[in-house]
Amino acid sequence: MGAEFVQLSLTPILIGILASIACALPGNFLILRKQALIGDAISHVVLPGIVVAFLVTGVVSTWPMMIGAAGAALIAVVLIEAIKRLGKIEPGAAMGVVFTALFAFGVLLLEQSDTRQVHLDVEHALYGNLESLIWLSADGWHSLLDATALAGLPPELPRLAGVTLLIGALTLIFWRPLKITTFDEAFGQALGLPTAFIGFALVAVAAVAAVAAFDAVGSIIVIAMFICPPAAARLMTNRLEVQVALSVLFATISAILGYVLAGYGPLWFGGVHAVSAAGMIATVSGIILALACLFAPHRARIGATGP
Amino acid sequence: MPDAFLAALMLQAGYNAALVAIGAGLLGFAAGASGTFLFLRKRALVSDAVAHATLPGVGIAFMVMVWLGGDGRNLVGLLVGSAITAGIGLVLVEWIARRTRLAEDAAIGAVLSVFFGFGIVLLTIIQTMPRGRQAGLEGFLLGSTAGMLFVDAIIIAVGGALAVATVYLFRRPMTLVAFDPGFATSLGVNVRSIDLLMMGLVMAVTVIGLKLVGLILIVALLIIPPVTARFWTERTAHVIWIAGALGGIAGYTGAALSASAPNLPTGPLIVLIAFGLFVASLMFAPGRGVAAAIIRHRRFQLRVHRRQGLLALARGEQIFDGLTLKVLRRAGLIRPDRVATEAGIAQAAKVSRDESRWEIARQVYRDEAISGRYDGLTSIEEVLTQDEIAELDRHLGPPSIIARTP
Amino acid sequence: MAAVKLAATEGRAQSPVEHRESPLVIQEMTVSYGEKPAVFSIDTIVPKGSMTAIVGPNGAGKSTLLKAALGVVPALSGTVRIFGEPLAKARARVAYVPQRASVDWDFPTRVLDVVMMGLYRDLGLFGFVRRRHREAALASLERVGMADFADRQIGQLSGGQQQRVFLARALAQNADLYLLDEPLAGVDAATERAIIDVLKSLKAEGRTVVAVHHDLATIVDYFDHVLMINVRKIADGPVAETFTAQNLQQTYGGRLATAHIGQLNLDNLRADAGNA
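Line by line, the protein sequences are chains L, H and R. Residue numbers for the first sequence follow our numbering, so the first one is 1 and each next one is one higher. Residue numbers for the second sequence follow our numbering, so the first one is 308 and each next one is one higher. Residue numbers for the third sequence follow our numbering, so the first one is 714 and each next one is one higher.
Bear in mind the hints are in silico, worked out from the structure with no lab data behind them. Glycine is no exception: its CB is placed at the ideal position from the N, C-alpha and C atoms. You may find that some hints are simply not true.
Stated by the list, open to error - Computed spacing ranges between beta-carbons, pair by pair:
(1) H:603 - L:173: 46 to 52 Å
(2) H:464 - R:836: 27 to 33 Å
(3) L:4 - H:464: 54 to 60 Å
(4) R:910 - H:606: 36 to 42 Å
(5) L:57 - H:606: 47 to 53 Å
(6) L:201 - H:700: 41 to 47 Å
What the hints assert, rightly or not - Below, computed lysine-lysine pairings styled on DSSO-like, alpha-carbon distance capped at 30 Å:
(7) L:34 - L:179
(8) L:179 - H:657
(9) H:349 - R:749
Sequences and hints are given; from them, build the entire structure.
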């Protein structure tokens with residue numbers, strides 16, 4: 001666990017943990033509001049946003065891509081609302097129409113423009129490249145205190161750290177309004193809480209998390225993080241505070257175990273190469289959820305499905 | 308380019324292009340028809356979960372076939388594998404939604420992402436496998452039309468035909484379940500089986516479309532055409548076949564367009580054409596479209612003026628509004644000197660009686676649907692039944708005479 | 714369990730013949746949502762040819778009881794017999810009118826199509842829709858006064874009109890037992906009269922009607938039998954004997970003001986029963 005670990009594994013694991021937590025936190029409220037699939041929609045539309053940003057600026061650089069992705073998420077949400085109202089279409093179908101079309105548009109743009117030489121390919125967009133976010137300028141644990149080495153940190157790390165911290169802070173600060181409006185929107189309105197704005201802000205925060213995590217774990221895996229750790233936590237407890245805390249725990253476990261299994265698992269089986277870390281993280285979170293579905297204390301829906 | 312497109316449309320652009328076009332057309336038709344019921348049942352995004360759940364099956368099938376010594380890329384084998392894991396995913400979505408306290412959307416998202424993640428893990432394993440040629444499995448994500456074989460088209464044609472036949476066969480119980488599952492149960496319909504059948508159809512279409520458009524884009528063909536078809540009809544049976552037709556058109560033209568120019572991938576193009584048809588329908592469908600709504604609003608304005616004018620005539624009031632006068636004159640209800648004609652008097656009396664009936668109706672009916680229909684225009688005969696109107700008339704008494712001049 | 718069973722069956726010496734003829738026999742029905750029982754150990758026998766009302770406060774399990782009897786929700790325990798047969802065999806003789814709220818009224822279907830859904834048992838998967846099917850559906854619509862609305866999309870109807878269409882759908886099934894869940898909830902006076910007329914004509918034809926009913930003031934006028942429940946059965950029997958102030962107090966657990974009960978003209982009812 002020496003220099004090699006710090007160089008090759010520390011940063012990917014940290015980035016994985018941060019990405020998972022950033023998504024799991026808003027995910028708690030999304031699943032309680034039955035809006036889990038807005039995460040599905042956002043993850044799909046991130047692709048065209050990034051491609052457009054690339055085409056406009058000509059470079060593969062962080063800020064334009066973030067803005068492009070955020071812009072795409074915004075456009076998607078607006079389109080979904082418009083279609084729901086103008087067409088009187090139910091939310092799930094409206095989401096399906098918008099994000100599949102936008103995603104197809106993104107793929108078309110990608111193929112049309114000559115992006116093959118740059119690392120902007122669809123596979124990467126789908127499942128990221130966590131294993132490559134290494135810290136070559138480190139040579140041991142002491143590098144954590146070495147300013148020059150720290151300068152060589154993969155930029156995804158401080159970025160995700162900032163985003164996760166921000167999301168954590170927002171969750172803490174707005175805990176009560178979130179809890180009230182998620183549980184009983186009408187009551188929240190009666191209290192004078194800006195319920196529409198809170199709902200919108202929640203989706204916006206989810207989009208920010210998705211965009212920030214995108215580079216590390218790709219768009220589709222982000223959905224796993226929005227849903228699986230919070231869902232597993234939900235089955236474990238009846239208290240929102242405990243649920244959110246557990247979701248963070250499960251997200252962290254998924255990230256660490258997932259990365260380790262992806263990196264070292266094949267070696268244990270006699271293989272040589274690592275497998276997709278992002279895919280493995282999603283799989284582990286799924287296994288945790290499966291265990292929760294089978295054994296968690298508050299999992300069951302006994303009797304008929306509600307009056 | 309337009310020549311190339313036309314040639315492709317006429318199936319003159321080469322064997323591969325023709326095959327792809329026909330295959331895509333058939334696939335689009337099957338997808339549109341099969342996806343309709345999940346849409347009506349408000350479970351459109353289950354298609355997304357089912358589609359993503361095919362990926363691990365493809366990977367496992369490949370590895371099994373290679374392990375058994377064969378060529379891992381045998382299409383039928385891969386599709387069988389995809390169907391198995393998609394089926395498992397489907398059952399899991401249903402199980403999670405029914406047996407745990409998680410809602411259906413969480414179940415869909417969980418299955419979608421976890422199965423897909425695991426599938427990606429398998430893909431990366433396969434990419435490093437020394438045995439068997441693994442190139443081409445990524446093609447199942449977004450589809451690939453290069454080197455489409457006749458057998459591929461046959462799979463689509465036969466699979467699609469079976470799916471469509473099943474839709475036709477079970478259209479009645481599926482409509483019952485989609486509309487009112489409680490009532491369906493009371494008739495003895497096994498709602499759970501029918502639900503699984505609806506999802507199974509979607510799964511079948513996904514599997515046969517895996518090679519051509521890929522698992523991520525097939526969802527578009529399962530959702531967009533039914534949503535589009537909804538704008539054109541109020542009858543479930545028609546929604547099914549219009550959705551099929553729209554899907555077929557999108558598939559066929561998309562494939563033709565893609566063949567006529569380089570760098571135009573087939574899958575995305577088909578989806579974008581389907582989306583284009585959707586937007587066109589959203590805007591221009593008569594009845595439910597936006598343009599129709601705007602035209603209705605304009606006509607509504609004119610009718611309001613007509614009605615207000617007639618009411619004024621009935622009450623003996625002066626009419627000042629220019630547009631009202633114009634509307635009444637054009638309809639022959641008043642003379643140029645603003646005196647009512649015979650027709651005008653008759654109409655005014657009718658409108659006046661209608662207005663009185665509405666007054667009573669709005670007091671009697673607390674119902675949004677009735678009192679909400681009062682827009683100063685709709686005649687009460689369009690909203691209430693004969694016996695309901697007779698009830699109102701009892702309160703009103705006989706009709707009264709209208710004065711001839713104000 | 715044994716003690717509960719005794720209490721429930723106390724004074725219930727019904728002969729097997731009556732059982733066989735009874736359109737609906739429910740024994741020890743228990744249904745729960747989560748861990749809360751919605752309906753607990755209910756026994757009742759609906760007399761043939763009766764108009765029976767099911768009454769009780771909100772959450773008393775009235776809808777649940779109907780749904781469990783039809784297998785729409787699973788019961789934790791209990792048996793149901795329809796004309797002496799288990800549900801699976803007797804479905805053809807039962808028609809169900811669920812609550813309006815359970816349906817999406819923007820669904821692409823016309824009034825006539827909804828009524829035709831009632832003919833599904835007759836049509837099956839393959840059957841062609843013949844003229845007689847259309848005519849049967851139109852006749853049902855005629856009976857509820859909605860024949861002119863046959864081509865209307867259902868979302869364009871008022872609440873009362875929607876309720877009539879649901880009733881027409883059940884009429885098309887030509888059943889011997891009709892189970893209705895709050896058929897008069899939120900409907901206008903004309904619709905209420907129309908529906909009651911249809912139900913009374915069904916009774917005149919010798920069929921049996923069971924309806925969850927919320928308006929206590931009209932029980933005496935509309936129904937001849939009543940089943941009063943509040944999770945458990947409080948009482949059942951002919952309206953004259955069973956719909957008493959005491960039973961009402963027990964059913965509604967003090968939620969019903971004494972003044973309200975006074976408005977229900979029960980004294981007149983008992984007086985009539987005494988004179989009958």
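Now the hints, each set against the structure:
no. : hint                      : result
1   : H:603 - L:173: 46 to 52 Å : holds, 48 Å
2   : H:464 - R:836: 27 to 33 Å : holds, 30 Å
3   : L:4 - H:464: 54 to 60 Å   : holds, 55 Å
4   : R:910 - H:606: 36 to 42 Å : holds, 39 Å
5   : L:57 - H:606: 47 to 53 Å  : holds, 49 Å
6   : L:201 - H:700: 41 to 47 Å : violated, 55 Å
7   : L:34 - L:179              : holds, 14 Å
8   : L:179 - H:657             : violated, 57 Å
9   : H:349 - R:749             : holds, 29 Å
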